[in-house]
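Following the hints, put chain R in place on chain S, whose structure we already have.
Number of protein chains: 2
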Amino acid sequence: MELDPTVSNPDAYRTVFENDRVRVLEYRDQPGHRTTPHHHPDSVLYTVSSFRRRLSTDDQQLEVELDAGQVRWLPDQVHWGENIGDTETRTILVELKEPRPDGTTAPPVLGPLS
Amino acid sequence: MELDPTVSNPDAYRTVFENDRVRVLEYRDQPGHRTTPHHHPDSVLYTVSSFRRRLSTDDQQLEVELDAGQVRWLPDQVHWGENIGDTETRTILVELKEPRPDGTTAPPVLGPLS
Chain S
615 MELDPTVSNP DAYRTVFEND RVRVLEYRDQ PGHRTTPHHH PDSVLYTVSS FRRRLSTDDQ
675 QLEVELDAGQ VRWLPDQVHW GENIGDTETR TILVELKEPR PDGTTAPPVL GPLS
Chain R
615 MELDPTVSNP DAYRTVFEND RVRVLEYRDQ PGHRTTPHHH PDSVLYTVSS FRRRLSTDDQ
675 QLEVELDAGQ VRWLPDQVHW GENIGDTETR TILVELKEPR PDGTTAPPVL GPLS
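If you read the sequences in order, they're chains S and R. Numbering-wise (the numbering used here), the first sequence opens with residue 615 and increments by one. Numbering-wise (the numbering used here), the second sequence opens with residue 615 and increments by one.
This is chain S alone, in the form it adopts within the complex (with noise of 0.2 angstroms):
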């Protein structure tokens, strides 16, 4: 399966920026929205709308409701998500092309940190 989600998500999806430390990712959906399965490397995201996801993986589910003009830190991963609020979602995502430096794996953490 393709987990890119400019390959998977492309009407969600679309890159706006890339070099070769960065890529950066638009990501517009409309109320009642799903995305199929795909992974984010280490990510830092910023809300451009306010909204209300729900965040899945085979066995998690986490239901994400954040503020236009908010920063968090969305861990390497792979989840899908559906927009259950009644507004679009409107995010950039700037992730990081780089392995971690010490060398570490990502933690079992589902969704944005804060």
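Rather than coming from a laboratory, the hints here were simulated on the basis of the structure. Because the structure is a prediction, the values reported are computed rather than measured. There's no promise every hint is true.
Copies of the same chain look alike in the list, so a pair counts if it works inside one copy or between any two.
[As the list claims (entries may be wrong)] Calculated cross-link-like contacts (lysine to any residue; reagent style SDA-like; alpha-carbon spacing at most 25 angstroms):
(1) K711 - H647
(2) K711 - E677
(3) K711 - G699
(4) K711 - E640
(5) K711 - P655
(6) K711 - W687
(7) K711 - D700
(8) K711 - T701
(9) K711 - Q644
(10) K711 - L669
(11) K711 - F631
(12) K711 - V723
(13) K711 - R666
(14) K711 - D625
(15) K711 - I698
(16) K711 - V621
(17) K711 - R686
(18) K711 - P645
(19) K711 - G646
Chain R only, in chain S's frame:
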């Protein structure tokens, strides 16, 4: 001289998130505001507002005009800035803490790159 912008220009720069890999700053100023010289590591710039600024080094000047909602790459550099527009400047800067993996240093390029 202290080149960390949160130390040199704490009236304009505020840390909104930090971990081992990134530091995320919010920048806000008003028309006519000037910063003192400060250092940016390789960073992703997101424009929350539109703005017009003059960026300077000892031997270069650059006028930058950007709309809100833009993403730019700001390569490692020391500069200072002046809000030469008639609106607030408001941006988010995602600073990369790790050195470039290829060991190169920044080319002498002033200002954000698209």
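**Asked** Against the structure shown, which of the earlier numbered hints fail to hold, in ascending order?
**Response** Of the numbered hints given earlier, those the structure breaks are 1, 2, 3, 7, 8, 9, 13, 15, 18 and 19, listed in rising order.
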